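**Student:** Respectively, the protein sequence lines represent chains A and B.
For the first sequence, the residue numbers in UniProt numbering are 1 to 408.
For the second sequence, the residue numbers in UniProt numbering are 1 to 118.
These aren't lab readings, by the way, just hints derived from the structure by calculation.
Note that this is a predicted model, so its numbers are computed, not measured.
Possibly wrong hints are sitting among the right ones.
If the Cβ cut is set under 7 Å, some of the chain A residues that face chain B in the computed set are [what the hints assert, rightly or not]:
| no. | residue |
| --- | --- |
| 1 | V154 |
| 2 | A158 |
| 3 | R161 |
| 4 | D162 |
| 5 | P166 |
Sample of chain A residues lacking proximity to chain B, with all beta carbon distances greater than 10 Å (derived) [as the list claims (entries may be wrong)]:
| no. | residue |
| --- | --- |
| 6 | R29 |
| 7 | L106 |
| 8 | R164 |
Just so it is clear, CB atoms sit at the ideal spot from N, CA and C, and this is done for glycine as well.
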Amino acid sequence: MSVSIDAVYRAESRRVLATLIRLLGDFDRAEEALHDAFAAAVEQWPRDGVPANPRAWLVSAGRFKAIDNLRRRARFDASLALLADQLDAGDEAEVWDGEAVEDDRLRLIFTCCHPALPADAQVPLTLREVCDLKTEEIAHAFLATPSTIAQRIVRAKAKIRDARIPYQVPALNELPERLDSVLRVIYLVFNEGYSASSGETLTRTDLSREAIRLGRLLLELLPEPEVMGLLALMLLHESRRAARASADGELVLLEDQDRSRWDRELIAEGSALVERALTSRRFGPYTLQAAIVAVHAEAEDAAATDWVQIVGLYDVLARVTPSPVVELNRAVAVAMRDGPEAGLALVERLFARGELLDYHLAHAARADFCRRLGCNAEARESYRRALALARQEPERRFLERRLQQLGE
Amino acid sequence: MKYLCLIYVEERLLDTVPAAELTAIEGVWLDYHASLRQSGRMLAGEALQPAESATTLRLRNGKLSLADGPSVDTREQLAGFYLIDAGDLDDAIRLAARIPQGRVGSIEVRPVRPLGLA
Numbered sequence: 001m002s003v004s005i006d007a008v009y010r011a012e013s014r015r016v017l018a019t020l021i022r023l024l025g026d027f028d029r030a031e032e033a034l035h036d037a038f039a040a041a042v043e044q045w046p047r048d049g050v051p052a053n054p055r056a057w058l059v060s061a062g063r064f065k066a067i068d069n070l071r072r073r074a075r076f077d078a079s080l081a082l083l084a085d086q087l088d089a090g091d092e093a094e095v096w097d098g099e100a101v102e103d104d105r106l107r108l109i110f111t112c113c114h115p116a117l118p119a120d121a122q123v124p125l126t127l128r129e130v131c132d133l134k135t136e137e138i139a140h141a142f143l144a145t146p147s148t149i150a151q152r153i154v155r156a157k158a159k160i161r162d163a164r165i166p167y168q169v170p171a172l173n174e175l176p177e178r179l180d181s182v183l184r185v186i187y188l189v190f191n192e193g194y195s196a197s198s199g200e201t202l203t204r205t206d207l208s209r210e211a212i213r214l215g216r217l218l219l220e221l222l223p224e225p226e227v228m229g230l231l232a233l234m235l236l237h238e239s240r241r242a243a244r245a246s247a248d249g250e251l252v253l254l255e256d257q258d259r260s261r262w263d264r265e266l267i268a269e270g271s272a273l274v275e276r277a278l279t280s281r282r283f284g285p286y287t288l289q290a291a292i293v294a295v296h297a298e299a300e301d302a303a304a305t306d307w308v309q310i311v312g313l314y315d316v317l318a319r320v321t322p323s324p325v326v327e328l329n330r331a332v333a334v335a336m337r338d339g340p341e342a343g344l345a346l347v348e349r350l351f352a353r354g355e356l357l358d359y360h361l362a363h364a365a366r367a368d369f370c371r372r373l374g375c376n377a378e379a380r381e382s383y384r385r386a387l388a389l390a391r392q393e394p395e396r397r398f399l400e401r402r403l404q405q406l407g408e
Numbered sequence: 001m002k003y004l005c006l007i008y009v010e011e012r013l014l015d016t017v018p019a020a021e022l023t024a025i026e027g028v029w030l031d032y033h034a035s036l037r038q039s040g041r042m043l044a045g046e047a048l049q050p051a052e053s054a055t056t057l058r059l060r061n062g063k064l065s066l067a068d069g070p071s072v073d074t075r076e077q078l079a080g081f082y083l084i085d086a087g088d089l090d091d092a093i094r095l096a097a098r099i100p101q102g103r104v105g106s107i108e109v110r111p112v113r114p115l116g117l118a
């Protein structure tokens with residue numbers, strides 16, 4: 001019996017919470033109600049059997065417990081009595097409006113990622129409320145203290161309550177902007193788990209998995225092209241995980257990766273999603289980035305990469321979201337298509353405009369172009385600059401190895 | 001629910017904005033003001049004299065002291081405000097986003113704390 005309550009908790013707790021937040025109008029009240037509802041289930045289900053519709057049972061139980069609690073506290077705070085009456089008056093039809101219930105999880109996601117919340121609270125709040133990660137787990141994954149994370153979550157919830165951030169799926173005309181914010185949060189979670197791959201703890205891999213799970217959920221609830229694009233991008237990156245680091249935890253460049261270790265299933269799923277998103281003609285930057293990774297994934301080996309297509313995709317990406325980093329990536333692709341001097345010219349132009357001077361990968365790219373052109377002194381100079389700016393240990397060791405190879 | 005929309009503009013910068021643009025913004029603003037008032041959502045709204053006209057007072061141990069200028073020196077200065085009636089923050093943002101001063105300055109949207117005062 002306790003096993004089945006656990007299973008119900010895992011399957012239903014976020015849906016029940018999402019609906020309780022709508023019904024009770026407050027995150028903390030809904031969490032307390034969720035807790036009370038499961039406590040009641042532990043007591044009653046072994047005796048009376050698991051109800052036919054556990055989710056409905058839990059929502060009703062949580063709602064009644066919350067109203068009870070308010071009535072009890074109303075003896076000390078009269079305003080709570082009014083609130084309890086209002087909640088009690090909400091009729092069952094409203095509670096069980098099928099469409100509203102279906103949208104509750106989407107409401108929860110959009111509210112946790114509301115742009116009026118600080119960026120550093122959106123991620124932990126989403127992981128806490130939507131994914132049910134514990135504060136300690138979030139803190140561990142983001143190398144922060146649990147109290148810092150807890151404080152951000154508490155403040156965000158206070159702002160949702162005090163500024164009355166609505167519990168709503170945004171209207172169609174506001175959707176693109178609001179969806180951007182949600183996609184950014186999911187991609188941040190993914191990258192946190194992905195960029196620190198080698199030799200790191202398992203928890204960080206879990207973050208990528210959590211982001212992919214979130215992406216799948218969002219796609220199920222809101223089948224927008226850019227949602228497909230982001231999920232595809234994450235799946236395609238994830239497909240390379242096993243090949244990205246050597247056995248001793250060193251960084252392996254894309255061109256040197258053992259492609260037989262790429263996960264073909266993830267690639268197939270990601271590529272199919274990219275195609276679906278592209279045919280919609282309403283795609284954006286995530287789909288384009290995913291398309292680029294998909295082109296890499298199609299190549300049997302690095303030499304067989306279709307660089308013409310990749311440069312073409314970067315051209316479109318640079319038009320949709322112009323940024324120096326996109327230009328840098330395009331320069332690397334151009335260098336593969338036309339030779340290192342073409343790439344070098346593009347990076348020099350970026351530097352001349354004062355762009356990316358603090359970005360270690362820009363200096364690493366320049367160093368690589370110089371190395372391939374045989375200008376070893378210039379290459380060393382740029383590797384040194386990249387090394388001075390790089391923060392991640394595997395990246396630093398990679399740059400040091402390059403410097404050694406150049407005979408320093 | 002009530003929200004106070006505080007309009008901040010860098011006064012120094014206003015001198016560099018071409019006169020035609022200022023006139024244009026003012027025209028849009030008068031239209032906005034009229035439509036907001038007509039919608040019944042505007043509870044109050046005023047433009048303020050420049051920050052240098054402000055006087056800041058403090059009461060310490062029953063003693064009043066006065067100082068010339070605004071309470072805090074900020075890059076942008078408080079130039080005006082609207083007190084609006086909105087359903088939630090998104091609704092308030094929708095109304096505040098049309099305040100034309102947002103194009104040159106910034107609009108701070110603050111929920112009013114309900115105290116249950118008459």
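**Student:** Does each hint hold? Answer for all of them.
**Tutor:** Each hint, compared with the structure:
At its closest, the beta carbon of V154(A) sits 18 Å from a beta carbon of chain B; the interface hint therefore is violated under the 7 Å criterion. Violation of the interface hint for A158(A) is found here, the shortest Cβ-Cβ separation to chain B being roughly 11 Å, above the 7 Å cut-off. Taken as an interface hint, R161(A) does not check out: its beta carbon lies about 10 Å from the nearest beta carbon of chain B, beyond 7 Å. Interface hint status for D162(A): upheld, as the beta-carbon distance to the closest one in chain B is roughly 6 Å, under 7 Å.
The closest approach between the C-beta of P166(A) and any C-beta of chain B is roughly 4 Å, which is under the 7 Å cut-off, so the hint is satisfied. At the 10 Å boundary, the C-beta of R29(A) stays outside the reach of chain B, the nearest C-beta of that chain being 17 Å off. With a minimum CB-CB distance of about 15 Å to chain B, L106(A) clears the 10 Å threshold, and the non-interface call stands. Here R164(A) does not stay apart from chain B, with its beta-carbon only about 5 Å from theirs, under the 10 Å limit.
Checked against the numbered hints listed earlier, the structure breaks hints 1, 2, 3 and 8; every other hint is satisfied.
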